[in-house]
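Asks: So the sequence lines, in the order shown, correspond to chains A and B.
Numbering follows my numbering, with no gaps: position 101 of the first sequence is 101.
Numbering follows my numbering, with no gaps: position 23 of the second sequence is 23.
Some clues are possibly wrong.
To be verified - Per label pair, the in silico range of CB-to-CB distance:
| no. | chain 1 | residue 1 | chain 2 | residue 2 | range |
| --- | --- | --- | --- | --- | --- |
| 1 | A | SER70 | B | THR20 | 42 to 50 Å |
| 2 | B | THR98 | A | HIS82 | 18 to 26 Å |
| 3 | A | THR12 | B | GLU44 | 23 to 31 Å |
| 4 | A | SER18 | B | PRO70 | 45 to 53 Å |
| 5 | A | HIS111 | B | THR98 | 23 to 31 Å |
| 6 | A | GLU15 | B | GLN83 | 39 to 47 Å |
Because the hints were derived from the structure by calculation, they are not lab data.
Bear in mind that the values here come from a model prediction, so they are computed numbers and not experimental data.
Beta carbons are placed, not taken as given, at the ideal position from N, Cα and C, and that holds for glycine.
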Amino acid sequence: TQTVSQSDAHVTVFEGDSVELRCNYSYGGSIYLSWYIQHHGHGLQFLLKYYSGNPVVQGVNGFEAEFSKSDSSFHLRKASVHWSDSAVYFCAVSADTNAYKVIFGKGTHLHVLP
Amino acid sequence: NAGVIQTPRHKVTGKGQEATLWCEPISGHSAVFWYRQTIVQGLEFLTYFRNQAPIDDSGMPKERFSAQMPNQSHSTLKIQSTQPQDSAVYLCASSANTLYFGAGTRLSVL
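One chain only, chain B, in its complex shape:
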């Protein structure tokens, strides 16, 4: 069991470019979560899937951010027209009961 796998570990984009972050949950976990972590805001809930269906995206910025889970083996978080304030560590977690986190993707928007 490799745990939750997130790729890439680091991504650098220019302002206005698109960024796609990938998450492979633990096999058999039906719930997948995305969080954003910054020094100032701490850990912020973004969105949640159960059995691939979007359940709660109340934490997602309404513009530019979208998340999908096309199959049970991966989820993506896409940020269009990235801005410097999007710079953060984006954490994916999967759960059968407790949360198991990936190592995160550090996004730096220049």
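Bound conformation, chain A alone:
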């Protein structure tokens, strides 16, 4: 069974700062990893996904994430945040043998201050 952990419930930064949101997973086999964003009152929106190949994947709005098998991590980064990036970010995993069953982390609430 795959699990996903987001260690920070809240992260606060200033506009223009860089940010890294942490995600760690556990699963013994091949895995899909993805990130979603949820603005208040809305559903989740897909940001990016990794399965194989280049461990650094680019997403929308300047977000990127890096897969590390040794650390069992898939951290999300952005070089310069905007106030509109304030939202909850969810890391998600699914096993390639059961790819439809996506398991979400508890989410990290990113607060971007002006």
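Given chain A's structure and the hints, the job is docking chain B onto it.
Replies: Chain B only, in chain A's frame:
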């Protein structure tokens, strides 16, 4: 493309009443999912349809909850005899490859 449409956006029921939540997936998406979102539990998988057929309902509470997909244009989640602990945001998603979520239905059981 209007995305995944969920209705109603908010529903308030009294304890013991029935609640039916509606989802219209993106046209052409063969997979439809239901999730429940609460502060305490986060996002919980409930059930999954592919080409209208129920594939996995392992996340559904065995009593009182049921989901159907009578045609490719909509799915329903029905909760009978609602209880306060059913209060949550219920999210529907459809997928061709990645998940596309609706805005959710916030169910409040008084």
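Asks: Next step is simple, just say for each hint if it's right about the structure.
Replies: Right, here's what the structure says about each hint:
A/SER70 and B/THR20 have their C-beta atoms about 48 Å apart, which keeps the hinted 42 to 50 Å range intact. At about 23 Å, the CB distance of B/THR98 to A/HIS82 agrees with the hint of 18 to 26 Å. About 27 Å separates the C-beta atoms of A/THR12 and B/GLU44, a value consistent with the hinted range of 23 to 31 Å. Range check, A/SER18 to B/PRO70: Cβ separation about 49 Å, and the 45 to 53 Å hint holds.
Against the hinted window of 23 to 31 Å, the Cβ-Cβ separation of A/HIS111 and B/THR98 comes to about 26 Å, which satisfies the hint. Under the hint 39 to 47 Å, the C-beta atoms of A/GLU15 and B/GLN83, about 43 Å apart, fit the expected range.
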